[in-house]
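These two chains come separately, so use the hints to put the complex back together.
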Amino acid sequence: MKQHICTHINGEATEFLCATEDTLLQVLRDNLRLTGTKEGCATGDCGACSVVLDNRLVCSCLVLAVEAQHSRIETVEGLADGDTLHPLQQAFLDHAALQCGICTPGFLVAAKALLDRNPSPSESEVRFWVAGNLCRCTGYDKIVRAILAAADTMRNTNSRTTDAGAQP
Amino acid sequence: MSRTPENWRSVGTRPVRPDGIDKVTGRAVFSADFNLPDALHGAVLRSPFAHARILRLDTSRAMALEGVKAIVTARDLPLIPADQATTDGQPPDFRDMSANILARDKVLYEGHAIAAIAAVDAQTAEHALTLVDVEYEVLPHVIDVQQAMEPDAPVLHDSLVTQGITPAPSHPSNIASRHEQVHGDVERGFAQADIILTEEFTTQPVHQGYIEPHACMARVASDGQTDVWCSSQGQFMVRAYCARLLDMPLSQIRVTPLEIGGGFGGKTTVYLEPLAILLARRSGRPVKMQMSRAEVFRATGPASGSYISMKIGALKDGTLVAAQGILCYQAGAFPGSPVRLGCMTAFAPYDIANVKMIGYDVVVNRPKSAAYRAPGAPMASFAAESLLDMLALRLDMDPIDLRIRNAARPGTRAAYGISFKEIGYLETLQAAKAHPHYSAPLARNQGRGVASGFWFNIGGQSSAALTLNEDGTVMVTTANPDIGGSRASMALMAAEVLEIDVSRVRPEIADTSSIAYSDLTGGSRVTFAVGMAVTQAASELLAKLRERAAMLWDTAVDEVTWRDGCAHACVDGKDVQLSLASLAAQAGKTGGPIAAHVSLNAQGAGPGFGTHICDVEVDPDTGRVTVLRYTAVQDVGKAVHPAYVEGQLQGGAAQGIGWALNEAYLYDDNGVQLNPGFLDYRMPVASDLPMIDTVLVEVPNPRHPFGVRGVGEVPIIPPLGAVANAVSRATNARHADLPMSPPVVLKAIQRAARKRR
Ligand code: FES
Ligand code: FES
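Going down the list, the protein sequences come from chains A and B. Using the working numbering, read the first sequence as starting at 1316 and increasing by one per residue. Using the working numbering, read the second sequence as starting at 14 and increasing by one per residue.
If we strip away everything but chain B, and leave its shape as in the complex, we get (with noise of 0.2 angstroms):
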């Protein structure tokens, strides 16, 4: 690259995305847009009891009505061994997985699938379900992470032990692992502090309330050679986990990405895909599948449930000298909630020399938990945002001022374990105390909350490959799918690299059998790693127009420069050039089509911190909190495109304000989802909202060409904490529970009042 960052002249710009128009005129195929002739319709079974045993299942009467095609239950999938249960013993499980899309012998949530029908068209299929005959025997159920844990709980699996104790214990429970996470000694550093603060929080799951349910479409040739249409964060997660799940080479299967409709992590697992294979394989004939809204939420996601209780040390100069948790994170009805993620984040933002944390997974009757958005961090970032918020209630300090005398800078070792390289969080701190939100007045029943947070932010596995078309116009083809902008981003790299106006360059994202294999969209990667290999093959793609150039001059390649979108040099005294278009129509004479394809596993990634400030006003008499103004800052690396990436983070605060404020699942005591639609299960709405304002500080992260770092997660960890923070100070009572709904405010308020009476 002949530019400097000062004269970038794409990166960092705003054009109009390249899928623009499609979108906005209907034109886009999401999952659910996908049609093929002959198709049937999919419908799954699913239990209405919370845990039961399934002691007869019988299909006939189903199968015999008119219409019919298809009835596919456990017994259809293949038996997965337990030593071939995981790939080196990494997450996921494949025998969960499998026995989550279709229960085997127990059901273990209501929602679970038990079985799935393919019939000509969508009523038939549903007036099917009602025929299969289940005989289900009853079992005491458990919803709550706590009462989980107690010795006398329902136990979900007869075969589940607790790793990560030794010795191991002799009864199964439904604590799946324990994780302890140590840095220096805290018995000491509690035994050094003025002052000691404790508190315990629980926070509900969220669903991660995407807009388009899950959808996709399957269609088996008699060969076996299997094409599966569907929304999904990684085309390639879909093609290995279905191979994986019906034992099937990779190579038989071909999965082409339609556009998602949201995902935020929730969609990087597979429910319905091996499903509808299955049917289209037996039936002869494409299956299309897609859920309600009601069974979104009963069978997918949710993010983590949990009960924290947490304790910080510090002197009285503020100084944090300890710190320890103890995080209870409800994994739904199979292993793996993000709890690890939990602790290693919720302290990440500060220089602490003793940090202690102990993390438990633990299963209970609710679908199993699915990735959101920095999975594990923000329940654990609200504890810890909320003793710092109590800390500087205390002291009389201003919380940023405590934050920035605790911040970690470049160099400080984190308690998870890793050094930080360059960094920026100091720099959001600073950003939002001069920012004018931060001193703009309040008045009675207001308050302002601050709150920070940090995530990982991760590199990967990544294709892409870019393609001179005959007229000098550029193809980017990669292999994520764009969940909020990434064809834009991926195109202003490549025409940042090539010198060429974005207009110029076309992004496209290929099926699995188009490119080579790139890890899923997600963990804050995609405009860093996948950037990362656009950048580098436009690097390529570049040497190879200087050395065609060379040739066409029949000079040397050094003296061939590129400028401007065109290569230069000095041939016999004569400055000449060769535009793109030229080099591309004459590319036949100098061996053929440009191309270059790079592969890679991007190392790197640099961390995100981010700041919000967050100012509420509470209604006394009813505990309703009104969100005032908002204001989101984040270390963002460099921003590609500035509007989307303003985007993640209004998005993530919103997303953030509704899991503090409203989200939570209602069940009944017979563990059945109550408010499985969004009339009840209720996201904020643009009433509930003001404008989110946004600060974009740029500390470049070295490793990535642009100095890129991975934006979409950390928007949505600060917001639990400063919306907490906000509505403690403007009622003068600490909230610890989640969401803050009107009841629990009011409460709280009322309990508060007694306290100091």
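With the rest of the complex left out, here is chain A (with noise of 0.2 angstroms):
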């Protein structure tokens, strides 16, 4: 029988029905077509399928459908706000950080999750923190640059929110 899971997805209600044993990757990519999500393994060993959940840095494939009940799941696909691009695509963008791109929104969402723990972290905490993505094109060099220069630039725009804020 299916079970039927109310979720927030990227901040939106979203109601599926899955089988026990769907996972949430298949369920994002299959039944509500969240195609951003990649599958590399399937196993947890690759990253391609990074969400959040409830704040918790996840594989996808490693999490049953029926446990998002009532979660908050924070894909790629919402990252962007609107047509502005999180500071870490842009960071992406600009540091030629992705060749084929197919781990590329995986990457994006474990940065984004080690940057809202730790907005300045060394460059080997973020090597650290991405283990579990795994990348063949690029060697990873890029992709390490761009994440600490969109840590660069996501500290001088909250300073710079925060210094407006101070101001009388």
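Just so you know, these hints were derived from the structure itself, not from any lab. Some hints could be false.
[As the list claims (entries may be wrong)] Some but not every residue of chain A turned toward chain B, in silico, with C-beta under 10 angstroms: (1) PHE1331; (2) LEU1377; (3) VAL1391; (4) LEU1403; (5) LEU1408; (6) ALA1411; (7) PRO1420; (8) ASN1448; (9) THR1453; (10) ASN1473.
We treat Cβ as the ideally placed atom computed from N, Cα and C, and that holds for glycine.
This is the structure:
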């Protein structure tokens, strides 16, 4: 029997029916057609399927869809604010941090989860945080640089807004 | 083109790629992202045995399962007569390809496909697989290349008689062919040598490791018109191979390329597409097929593993006088390893008077090998560059100086037969030597390795269509999947010729019905060869624009010049100009839409050379190797979009580092793969690597309008040698077996220590 699941995906109330054995990845891609989240392995080893589930970075291929009941899910489709790219997306473009681009959604989601926790990570913190995301094209150099650059941009924007806010 | 290289405004810049937004927002449609209403799900039954005869194959129970719509086996594939197996004797062999996509009477590796099923959903299809009754007679198998060459080894193909040996052997064996390449007289060369060094090397098969598994969708109309959507390195390749395997006219198939999530050579053939077509034809519904990661490991790729025995002879001053090698490459279950290319490339960077290489192509019970970046070169180069390092150590000579002494220069006749014209190998060595990395101090347990690499680069058949839109923007349509930023480089080259901003150029990749044929994306050919088609088409478009302007001004074409995206002339003593937009708007008055289509067979791809420097630290207690610093130097001709060129160098280096340190297939005693997943087949992750520094040397290729050389293959060649040389220097022990996993390194350290005692 199918299960009825209520969630918020990228801020929008979303309901779906799924089988108990369906993974969140399958439901996102096949039922909801949110195909920005990719399947590279379905065993939790590549990070292409990364999403944020109730503020936790997870491999959606390792989460059962029924576990998402009443949860908030963020996927790559929710990163940009309308036509305005998230600083990470912009940095990936500016730094040529993608070649084929299949790993990119996973890296973006993972990197955002990092910067939400740690706004000024070191290079090695970035490297270890995204060690669960495989990229076979880039050798990671430009990806790591893009994440560090985005962190910079976000810190500067934040400090500007804080400064502005502090003015009488 | 009126601009000179010094004032090119597009070529050599780093704009955001045209397909970038789609790829950072999740909008880009990769192969598994494509859906059609009413599509069935396909699944493949695969052999659990490494080598077995299929005694009985009964699909009736599976077919009876509710929701199963179609099943195909090898019986449904047309038989290809032996004399039609290839085109003019050139690979691929379509009989083998047919037997690889569905086994006929024998399975030749664990994972070999036996049947394909289409059902209403994935679960039903998977369930149906378990209902197929197969009776096997399990046969002895062989995994190792040297064992497969033994006279008493289990033979994979009863009809396989070694080619390239006279007289022809009387018995079948696993040695598909012998290849010999002779340059000068090695015997005489070694007789002159003051020093002779010999070593044996082994490398393991490695998977291309693209993150996107193979997937496709097929739909067949009742009149037989067939559509395929898939990601591959060439939509025309998919069309041609499917037509050949299924005996269909090309005009009946349209292949639409979807975004490709990595290929590296591994997507230059077909696995699922013909099965999906057959299932769609039989069921009357679209069929979607998608490999799991385990299937990717068990049934696609890899690059050949190898056993190599090599010898070099040199004078006391370091001059190489002779080189000799025996290369045995694993082809996998069917003949066709790139051993010939290994023979050709190993010593290509050097000017050596006497070289003899012998290659053996050997079949084993593993998946059929597929191309992987610079096919055949990395393992042969690993052997050659290791020997050079041993020579440098013996002579107490700087390893870059040793290479400079022997480097191929313009005019050098390479051992594989051609004379090099304009090449930049020496420049890469000089740049590497001058790089601060090369003189940085090293600490205890650290070592620095250097190695070089060569790749031919290729040209080939290519098509491009440029059309001027009504508003003056330009479409650049080509036929080659964008695997790492080629849309950007095509747009940049068109923009440069037309002298317009690249933002006004929109590149697109067409399906097989919308543009003329192009060879596939591979061999480092696209920026060079397709770029040539784009450049010529842009020049033709420009000539037409000048004609149209002349018509509007009622003046001679010769009076019209092109500058900054506008036609200029002096009419009645007045300077006049027409922008692209106004020429486009008035096209109706001057003869209709303005477009240019160029199809050509590009010649003159400039060879590529690279030199890499690698620093490692080896933990003497565990054998664990950490790459501390890495620099890749390469002659790229001209970097059209330097950021993506750097990316090619960095990505290739990372793959080569994985090949050198981690990656290997593990098999149990029954020939069953133990690590068909990313957890145990460990590719480098971000925390395994340092930043990868790049130096782009630009020695222009005179045969290309912008001086372009291919860049994609070279960077995977030097890392194997560079890492091995670094580890060998750090541990004072030669490492000749890849991968250099901790236990292997530890053993070599201990062996060397015992020898020294
Ligand atoms: S698809 Fe989930 S980790 Fe690879
Ligand atoms: S860009 Fe291709 S896998 Fe990362």
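Holds or violated: is there a CB of chain B closer than 10 angstroms to the CB of LEU1408 of chain A?
holds (4 angstroms)
Taking the least C-beta to C-beta distance, is PRO1420 of chain A closer than 10 angstroms to chain B?
holds (5 angstroms)
With a cut-off of 10 angstroms, does the beta carbon of ASN1473 of chain A approach a beta carbon of chain B closely enough for the hint to hold?
violated (21 angstroms)
Is the interface hint for LEU1403 of chain A satisfied, with its Cβ closer than 10 angstroms to some Cβ of chain B?
Nearest chain B Cβ about 8 angstroms off; hint holds.
Satisfaction of the PHE1331 of chain A interface hint, Cβ to chain B closer than 10 angstroms:
violated (16 angstroms)
Does the CB of VAL1391 of chain A sit less than 10 angstroms away from some CB of chain B?
holds (4 angstroms)
Hinted contact THR1453 of chain A with chain B - closest CB pair below 10 angstroms
holds (5 angstroms)
Would the stated hint for LEU1377 of chain A survive a check requiring a Cβ distance to chain B of less than 10 angstroms?
violated (12 angstroms)
Would the hint on ALA1411 of chain A be counted as holding, given a Cβ-Cβ threshold of 10 angstroms to chain B?
At 4 angstroms from the nearest chain B Cβ, ALA1411 of chain A passes the 10 angstroms test, so the hint holds.
Given ASN1448 of chain A as an interface hint, is its Cβ closer than 10 angstroms to any Cβ of chain B?
holds (7 angstroms)
Hint compliance for this structure: hints 1, 2, 10 are broken, all remaining hints hold.
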